[in-house]
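Chain residues, written in single-letter form:
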Amino acid sequence: MKIETPKLVIPGPAKTIMLAFAFLGVVVFIAGLFLAPERIWPNFLINEFYLLNLGLGAALFIATLYVSNAGWATAFRRLPEAMTVVLPFAGIGVVILIFGIHTLYEWSHEAALLQDKILLGKRAWLNEPFFIGRLVFYFLLWIVLSRLLVKYSLKQDEDGRLEYTFKNVKYSAIFLITGVLMFVFASIDLIMSLQPHWYSTIFALITLSGMITSSLAAITILMVVMRRLGFKELITKDHLRDMSSLLLTFSVFWVYMWVSQHMLIWYSNIPEETTYYIFRHFGGWGSLSFLNVVLNWLIPFLALLPGASKTSDKVLLQVSVVLLIGHWLDLYIMVMPVTVGAEPVLGVWEVGMFFGMLALFFWIVLRHLQGIRLVPVNDPYLVESLPERFAESANQGIGK
Amino acid sequence: MSMHFSVLRKPIIHGEKTLAQVTTDVARPLETRPTILWWVAFLTSFSVLVIGVAAVTYQIMTGIGTWGLNKTVGWAFDITNFVFWVGIGHAGTLISAILFLFRQRWRTSINRSAEAMTIFAVMCAGIFPLIHLGRPWLFFWIAPYPNMRGPLWVNFRSPLLWDFFAISTYFTISLVFWYIGLMPDMATLRDRAKSKIKKAVYAFMSFGWDGSTRTWQRYETVYLLLAALATPLVLSVHSIVSMDFATSVIPGWHSTIFPPYFVAGAVFSGFAMVLTLMIIARKVLNYEEYITIDHIEKMCKIVLVTGGIVALSYLIEIFMAWYSVNEYERFVFLNRALGPYAWAFWTMITCNVLIPQLLWFKKIRRSLVIVFIISIFVNIGMWFERFVIIVTSLHRDFLPSSWVMYKPTIIEIATLAGSFGLFFTCFLLFVRFIPFIAIGEVKGVLNYGKNK
Numbered sequence: 000m001k002i003e004t005p006k007l008v009i010p011g012p013a014k015t016i017m018l019a020f021a022f023l024g025v026v027v028f029i030a031g032l033f034l035a036p037e038r039i040w041p042n043f044l045i046n047e048f049y050l051l052n053l054g055l056g057a058a059l060f061i062a063t064l065y066v067s068n069a070g071w072a073t074a075f076r077r078l079p080e081a082m083t084v085v086l087p088f089a090g091i092g093v094v095i096l097i098f099g100i101h102t103l104y105e106w107s108h109e110a111a112l113l114q115d116k117i118l119l120g121k122r123a124w125l126n127e128p129f130f131i132g133r134l135v136f137y138f139l140l141w142i143v144l145s146r147l148l149v150k151y152s153l154k155q156d157e158d159g160r161l162e163y164t165f166k167n168v169k170y171s172a173i174f175l176i177t178g179v180l181m182f183v184f185a186s187i188d189l190i191m192s193l194q195p196h197w198y199s200t201i202f203a204l205i206t207l208s209g210m211i212t213s214s215l216a217a218i219t220i221l222m223v224v225m226r227r228l229g230f231k232e233l234i235t236k237d238h239l240r241d242m243s244s245l246l247l248t249f250s251v252f253w254v255y256m257w258v259s260q261h262m263l264i265w266y267s268n269i270p271e272e273t274t275y276y277i278f279r280h281f282g283g284w285g286s287l288s289f290l291n292v293v294l295n296w297l298i299p300f301l302a303l304l305p306g307a308s309k310t311s312d313k314v315l316l317q318v319s320v321v322l323l324i325g326h327w328l329d330l331y332i333m334v335m336p337v338t339v340g341a342e343p344v345l346g347v348w349e350v351g352m353f354f355g356m357l358a359l360f361f362w363i364v365l366r367h368l369q370g371i372r373l374v375p376v377n378d379p380y381l382v383e384s385l386p387e388r389f390a391e392s393a394n395q396g397i398g399k
Numbered sequence: 000m001s002m003h004f005s006v007l008r009k010p011i012i013h014g015e016k017t018l019a020q021v022t023t024d025v026a027r028p029l030e031t032r033p034t035i036l037w038w039v040a041f042l043t044s045f046s047v048l049v050i051g052v053a054a055v056t057y058q059i060m061t062g063i064g065t066w067g068l069n070k071t072v073g074w075a076f077d078i079t080n081f082v083f084w085v086g087i088g089h090a091g092t093l094i095s096a097i098l099f100l101f102r103q104r105w106r107t108s109i110n111r112s113a114e115a116m117t118i119f120a121v122m123c124a125g126i127f128p129l130i131h132l133g134r135p136w137l138f139f140w141i142a143p144y145p146n147m148r149g150p151l152w153v154n155f156r157s158p159l160l161w162d163f164f165a166i167s168t169y170f171t172i173s174l175v176f177w178y179i180g181l182m183p184d185m186a187t188l189r190d191r192a193k194s195k196i197k198k199a200v201y202a203f204m205s206f207g208w209d210g211s212t213r214t215w216q217r218y219e220t221v222y223l224l225l226a227a228l229a230t231p232l233v234l235s236v237h238s239i240v241s242m243d244f245a246t247s248v249i250p251g252w253h254s255t256i257f258p259p260y261f262v263a264g265a266v267f268s269g270f271a272m273v274l275t276l277m278i279i280a281r282k283v284l285n286y287e288e289y290i291t292i293d294h295i296e297k298m299c300k301i302v303l304v305t306g307g308i309v310a311l312s313y314l315i316e317i318f319m320a321w322y323s324v325n326e327y328e329r330f331v332f333l334n335r336a337l338g339p340y341a342w343a344f345w346t347m348i349t350c351n352v353l354i355p356q357l358l359w360f361k362k363i364r365r366s367l368v369i370v371f372i373i374s375i376f377v378n379i380g381m382w383f384e385r386f387v388i389i390v391t392s393l394h395r396d397f398l399p400s401s402w403v404m405y406k407p408t409i410i411e412i413a414t415l416a417g418s419f420g421l422f423f424t425c426f427l428l429f430v431r432f433i434p435f436i437a438i439g440e441v442k443g444v445l446n447y448g449k450n451k
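Chains as they are written, first to last, in numbering that gives the first Met the number 0: chain A, 0 to 399; chain B, 0 to 451.
Chain A with its partners taken away, still in its complex shape:
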């Protein structure tokens, strides 16, 4: 009665490459701590926030599927489930980040604070104990709730009880509210407060849309990889088409948020607000800001519009890689101008950390996928996301 699914086996060379890059990332970080701490901490922040984006974005994707009673994505839901496994690692990362607070955040220096009326006014929010406490709280909440979702999904494989679905719908609703709210404040805390005088109400929605886009891109890459490893029956062209529509939608969503902030600040020309773009509009940063929009919107938009490219493994893989790099660039432009300096820099610290983070991410996710059943065989919605010939058998074993 059950649909038999072969286990995933990661080819040996791929495993070696991922581990090598992850190791390299760690080496670069440790070397950086001694050789260039003012360069390594911003890079650590970018990659820490990025890793959080990938894990949390996937968890929110699963939660959205549950609350909307979606059936189309059930067959490959194990991929985003595996991605949430990186959240505890991001949690470790945030503990490490605590040691970099003084390098990163101007407001954490008592001397600077006392001379600055605006910073003094924000002291109730921007102070070290509260900042650290908030971060720990956000991460605990994300980790606990995402663990619950995955736990019940795996449990359902065993006995197929519908209660697990109903339970997950409830937890998903809670997760969507608290998870998004916490992410809004985490973005303000981790990224916006790097430039502590500046504020923008839409800022957290830009990081939120970046999170959604990059995690969808990572899910798509995993889907294409799985298809190449022989799971074409499970992850079908229909799934690819839906994912490409989502990628297209959310890359437009991202640029909508980006333009909203950019246009309104440019138009009103209020000095308190334009400081953000003054750093980012001239010299090398200006070209990078332009490239940011090209990578995160223009290329995905043009590439994914034609109907034929929506189901092409190759196009989707390329667009997703562009989006992953684009999201890194987006964070780089948010973090670096205020922390590192007037001109953009790209060296071993930036590249090593980013590739190390990506390798670590894919290694954790694929290793986790090796150990689990790749299809939620007893999920009541599975039948709707499988090809016709499996549908007959999929509805059995459910609802006992």
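The set of hints was computed from the structure by calculation and includes no laboratory data.
Note that CB positions come from ideal geometry on N, CA and C, so glycine has one too.
Below, a list of computed lysine-lysine pairs in the DSSO-like style, where the Cα atoms sit at most 30 Å apart:
1. K169/A with K449/B
2. K14/A with K150/A
3. K300/B with K169/A
4. K297/B with K166/A
5. K166/A with K449/B
6. K169/A with K362/B
7. K9/B with K169/A
8. K236/A with K9/B
9. K361/B with K154/A
10. K442/B with K236/A
11. K449/B with K300/B
12. K150/A with K361/B
13. K169/A with K361/B
14. K297/B with K150/A
15. K231/A with K449/B
16. K300/B with K154/A
17. K154/A with K9/B
18. K9/B with K166/A
19. K150/A with K362/B
20. K154/A with K362/B
21. K197/B with K282/B
22. K449/B with K154/A
23. K16/B with K297/B
24. K300/B with K442/B
25. K236/A with K449/B
26. K9/B with K361/B
27. K154/A with K297/B
28. K449/B with K362/B
Restraint ranges, calculated between C-beta atoms of paired labels, are given here:
29. F300/A with F330/B: 38 to 44 Å
30. F281/A with I50/B: 57 to 63 Å
31. I363/B with P12/A: 55 to 61 Å
32. E162/A with G338/B: 46 to 52 Å
33. V444/B with L345/A: 49 to 55 Å
34. V248/B with N126/A: 30 to 36 Å
35. N69/B with N126/A: 41 to 47 Å
36. P386/A with L100/B: 18 to 24 Å
37. P386/A with F139/B: 55 to 61 Å
Keeping the supplied structure of chain A fixed, place chain B upon it in accordance with the hints.
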């Protein structure tokens, strides 16, 4: 799509309907005489419309001085009504275009009427900037065209001009989208019509629909394209409306979150209005098996989600006002909550944030009376949201000697009432002359959720 459904899926249309029965059910209100209830509703709406026409006529003949505006508060009631009505329109396009792209099949029962509502709401909205011009007969000066006035061109940098483009485009596309969806149903009515005149009218309106496979195929292509076109449009319209405020430097108006926040608020208020109308219509027109309690529940969930986004935006705005340590920003929000218009602010918070939380409970989502009451509260709350944004930000000028209060005049209130009169008059005529439910589309989902 697969014919296998999850065990958790329920049929969209209740009762074991045959295809012919669907046609008969939907066509019934069009082929019978209007009831007393309809006449009462129609005459009431029409009378209110007449009052509005009288108020607008008086205002145009006398001038904008008939309103309660003053030199500090230059925008108030009129623009509030404008934003309110544009917002109401958003649910229709969301249902017909965005839910279509998301393959939400339950939309078929409500898309026709919600889209009609969109068109009427945008018509109501259009009146307000028009009469605000003061000399509405010169409205065509808004359009950029070569002229002999200097030549005097419109200011392309003004968000008010973008509004003109956005709303006229939105209205046109919504109307075309709605009409295209109507064509097969018009042909059905033509084929059923008994009188010659009726037949001729419906034949004309169906554009000679012949029901061939090729016709259907082209129809579906056009429908998909228009849905894809309407989706960015609906987002752009309220984003641009929000820029009327956000491009300024007025504290409380200039906020970068305004575009997405206004769009979410628009969908929130629009769905509340759809709920208000559907709960009555399904009962009066006997469509309870088409617009089922599950439909009501799903719409409640959308109200809950969009209401959540609106609440999040309020929270971010208030937090940022404090976080900014900008004395003007901080003052605006304190003044909203504690100043002379605090009653309006707390009405807004109660109606938009507190009351919708009741929809978390399944029992409440499935109780028609409570949902109806909640939907009315949301309608009121969203009107007050725009009032609060517009008036409280203006009435405390940077110069305290200019601090004033604003009070609407009877003319302004009559104009608002008149817009409701226009909306309901149009809606009641729609119920009599055009199929309330998309016959062709509902037939496509008759077997949904039934495993063979």
